[in-house]
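Whole structure, please, built from the sequences with the hints as guidance.
Protein chains: 2
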Amino acid sequence: MKSLLALLLLVNVAFAADPLPSWNDGATKKSIISFVEKVTKPGSPDFVPIAERIATFDNDGTLWAEQPMYFQFFFTLDRVKALTPQHPEWKTKEPFASLLKGDLKGALASGERAGLEIVMATHAGMTTEDFDKIVHDWIASARHPKTDRLYTEMVYQPMLELLAYLRVNDFKIFIVSGGGIEFMRPWTEKIYGIPPEQVIGSSIKTKFELRDGKPVLVRLPEVNFIDDNVGKPVGIQQHVGRRPIAAFGNSDGDLQMLQWTTTGRGTRLGLLVHHTDVEREWAYDRKSSVGQLDKALDEGWAKGWTIVDMKKDWKKIFAWEK
Amino acid sequence: MKSLLALLLLVNVAFAADPLPSWNDGATKKSIISFVEKVTKPGSPDFVPIAERIATFDNDGTLWAEQPMYFQFFFTLDRVKALTPQHPEWKTKEPFASLLKGDLKGALASGERAGLEIVMATHAGMTTEDFDKIVHDWIASARHPKTDRLYTEMVYQPMLELLAYLRVNDFKIFIVSGGGIEFMRPWTEKIYGIPPEQVIGSSIKTKFELRDGKPVLVRLPEVNFIDDNVGKPVGIQQHVGRRPIAAFGNSDGDLQMLQWTTTGRGTRLGLLVHHTDVEREWAYDRKSSVGQLDKALDEGWAKGWTIVDMKKDWKKIFAWEK
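These protein sequences, in sequence, are chains A and B. Each residue of the first sequence is one higher than the last, beginning at 57 in this note's numbering. Each residue of the second sequence is one higher than the last, beginning at 57 in this note's numbering.
These are calculated hints, taken from the structure and not from any lab test. Relax, there's no trap hidden among the hints.
No copy is singled out in the list; a pair is fine if it fits within one copy or between any two copies.
Listed below are the simulated SDA-like cross-link pairs for lysine to any residue, each with C-alpha atoms no more than 25 Å apart in a straight line:
| id | residue 1 | residue 2 |
| --- | --- | --- |
| 1 | K263 | I282 |
| 2 | K351 | V274 |
| 3 | K161 | R199 |
| 4 | K359 | G269 |
| 5 | K368 | Q123 |
| 6 | K263 | G322 |
| 7 | K228 | A107 |
| 8 | K270 | F103 |
| 9 | K189 | P105 |
| 10 | K371 | I247 |
| 11 | K270 | P101 |
| 12 | K189 | I106 |
| 13 | K189 | T323 |
| 14 | K94 | G360 |
| 15 | K359 | L266 |
| 16 | K261 | V136 |
| 17 | K246 | A107 |
Structure follows, in C-alpha cells:
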C-alpha cells in the first residue's frame, strides 16, 4: 500500500505543473528543487529515508511578516488594553502606564524586566485551554496596523507553496520560533498545515492542578524555555530528537539552527529569507531591531546557504496582492 | 488518494483476523476494540478526526518490563562500571563506592542527591550524539539479569499488537515516560515503531557549542524536566499541544496522565496494566517500590478505566515465551 501511494505521489509530482509558481525562475528556486530532488531520489547517494526528512522553519519574518513589530507584541498590547479594567492601577504603574499611552520606548525603559512583566501579566495566570481560546479569538479578528489585513493573511505565499512542496515529498515540517509555542498552536494547522505537535517555541512553565476534581494546566509567570539563537538547536533536539536536513530562517536568531542543520552528514539545505522589498513588504537587515540579519547573512554568503532576495525571487509576496 | 488509502485500510481492518491475537477474549479486549471502533466510525457521535487521535503510552511496566529495577538503572550501573577506570576516586567515594560493591541501598542512603549524582556522572558531560551511541551500543548487547534476554526482548507482545492496531486506525502514538527521553529515542523506532519526535521523557539540560567550528549539543549535569506524575500532562502539553484521547499506564506515576486524558470532551480510553502474573512476569502493585500501583488502581476501578489483568487477559506476555 505504502509503495503504491508513494508511486502515485511521485507520478503526480513528475507531471505536476511548477510546484513553486510564486517563485521566479533562477538560482534560488533551482537550489530548493535540486535539493528536494536529490534527497528523495531512491538509489541516489544523497537519498534520505522518509523518517529522516525533517525540515524546520522559523515563523516571524520567514513564514509571516514581522514588521513594524513582532505580531505577538500587538497581541500583548491588545491584551493589556483588554485587561486594564481589571487592573486600574496600570494607568499609573510602569511599565503599563507608558504602554497604554502608546509609548513603547518608555514602557521598556527599565529593560528586560519590564518586558517580562508585561508578558507575564498577559500570558500567565489562566489555564492552557483559556489561553488557547484567547489567542483563537484574537487571531480571528485582529488586524495589521499597516495593511488592515488579518495577521494570518500576512503569510508569504511562496513559503506556503514551499511547505506544500516539501510535504508532498514526505518531509515532516516543524516550526521553530522564538515566539510563544501556545501563541502559534491555535492557528498553525489551519494556516500552514502544521499540527500543534510540530510547533516548537518559547514557553512559560505550566502546573497541573485539580480544580473541583477537574484537571487543568495553569500557566505560571515563569520562563520555561527561550527558543531563539542557541536555544533553537536545543529546542529541536528536545522536541524532534534528530537533526533536520533543511532549515529556513531570516534573522540572526536562526543562525545556530542553520549551523546545526547544515553541518549534519549528507546533503543539507540552509535557507535565509532576506527582506529586500520596500514596495511590497519591508526592506531591512543588519540594523533592524526586529529580525536583525547581520552575522547570519555573512555566514550564509560564506557557506553557500540559499539566500532568498524577496524582491527578485518572489513573484508575489502575499496571496491577496494584486 | 487519501480517501482511497483510507478505504483500503478500512477494508483491510474489516476483513483482518483478530487485531489483538495475544489478548484473551473478554471485557478488557472488548473495551479497547469498542473504543477504537467508536472513535473511528465516520458519522458516529463519538467520531474523532484523524489529527486528534493522539494516544500516549507510559514505557516502564507498560510497554516493557520494569523488574527487578527500571532498566535505565541497569544502564546507569553499567556506565558507572565502564567509567570507573577514568574515576579511580569512585572506589572509595560515595555513592559510587557502595554502588560498585553492588550495595544499592548504601549508595542511595543519603537520599535523592546521591541518585542525582550518579545520574549526572553517567548521563551528562558528553554530546547528544555521543550519548546516543552509548545507549545504542548498550541496548544492543546488555541482558536482563533474570531472563538473560536483551532488554528490547522484554517488551510485551500484547502491547506491540495494540500499538499496531492503533496505528492502522490512524492514531499518532507518543511515549510519555518518567525515563530519560534520550535513553529511549535510540531504540523506540525499531522496537515500537515510535519515532524520536514522538518520545517524551525526563531530561537534563543541553547547551549549544561550537567546537572547532562544528556545532554540538553538550549534555549538562542539570535537571531540565521530570516527566512523571503531575509532570506527565505538562510534558504532553509541551510536546503535543493537545489532549490525548487514549492513555495507557501501569503505575501511580501515570495517574495524572490518565486523569488529564479521560476528562477530555467525548469518548476517552484510560487503561492500566496490572502486573498479576508471578509465573510469566512479576506480580506487584500497592507496595512495590518499582512501579507502585495504588491510588491509580483505586481511581481506575472507581472511574471505570480499563484494567488489564496480565495473568487473565494476556495469552502471551513476551514474544519468545514457549
